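**Q** Residues per chain, in single letters:
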Amino acid sequence: MVDLSMHLMDIVQNSIRANAKTIDILFEEKTKTHTLTFVVNDDGIGIDREMLKKIDDPFFTTRNTRRIGLGVPLLKMTCEQTGGNLEVKSEPEIGASVKAVYRTDHPDCLPLGDIAGTLSLLLKANPEIRFRVLYRLDDDEFRFDSDELKQLGIELDTAEMFFALKEFFAANFEELFRKRPSGSYLC
Amino acid sequence: MTEIKTLADLKKKQEEVKSRIDLRNKAENPEARVQVKVAMATCGIAAGAKKVMEYFVEELEKRNIDAIVTQTGCMGYCFAEPTVEVILPGKEAMVFGYVDNVRADEIIERYIKHGELVDGIIPQNYDTIEHEER
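So the protein sequences, as listed, match chains A and B. Be aware that the first sequence starts at 1, since it is given in the numbering used here, and climbs by one per residue. Be aware that the second sequence starts at 1001, since it is given in the numbering used here, and climbs by one per residue.
Worth flagging that the hints you see were computed from the coordinates, not collected in a lab. Quantities reported herein were computed from a predicted structural model and do not represent experimental measurements. Hints may contain errors.
[To be verified] DEER-style ranges, computed between Cβ atoms: (1) B/Glu1058 with A/Leu52: 38 to 48 Å; (2) A/Phe142 with B/Glu1092: 35 to 45 Å; (3) B/Lys1018 with A/Ala171: 20 to 30 Å; (4) B/Asn1101 with A/Thr33: 34 to 44 Å.
[Stated by the list, open to error] Heads up, simulated DSS-like pairs for lysine-lysine below, C-alpha to C-alpha not over 25 Å straight-line: (5) A/Lys150 with B/Lys1091; (6) A/Lys21 with B/Lys1026; (7) A/Lys53 with B/Lys1062; (8) A/Lys150 with B/Lys1026; (9) A/Lys150 with B/Lys1113; (10) A/Lys179 with B/Lys1113.
All C-beta atoms in this analysis are idealised placements derived from N, C-alpha and C, irrespective of residue type, glycine included.
Model the full assembly from the supplied sequences, consistent with the hints where possible.
**A** Quick look at the structure:
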């Protein structure tokens, strides 16, 4: 994976496959501790204890189309290579939580990539799922809830609104990222 | 067009395009639409499926083709990612492998518009290594 937005797309796909109705995505950048925390929480079918043990095993997957599953192992690799860590928690039937911590003062920290494009693609392809996004950068934040858009009558699955949403996310992230102090490897 | 930055801007945009969307929804029933499913598992993402999906959304819209572009999981053809499944109304699903923007253009122009077969089709009876071993 070249950037964090690819991991985001990948980990969220796991939640979708677990029949999640609500998916919470959190990014938290902290200048003080030089960390970026990336969390995906869902209310899907969850992961049982046996599977949880094997979750970072690249030769374990729940699919039967292939015998390897690299999504979580790759995420673990990219956060650990910066000195961070990965934590996967789950309660069967209630949901799952994937939390990856990256050290942003490490040169191997992945760039964020196209978060705006990834989010708008996820919304377009999964209009029935409620996505809540919180991006926190020290004391500033950007919040988003796809239910609010639905209440405004916005049709997420149309091409027209896909472009509008992409622009919306890009403009908001741009404004937020302008507040990022210099010296961070994150970009 | 002014910048879209707030929820109100999004709402305004929705109102602007509403008539176009309604017209399209009325014109055809969902079964008559072309379906494009981009495989978006780890293998697909790493191979550039996001770019291909954006390309399909953008180009189908530009070329006025009523299609639903969505995501699917891994179909077991990891070696041929990015893979795209195209379902033309009333026809069987067709899976294309090694799809980049050039091939996506070919799929739209030749397969979706005219039903012609193009390179890169993964036959339905293709056995993955996994199936063979069983």
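**Q** Provide an ascending list of the numbers of those earlier hints which the structure does not satisfy.
**A** 5, 6, 7, 9 and 10
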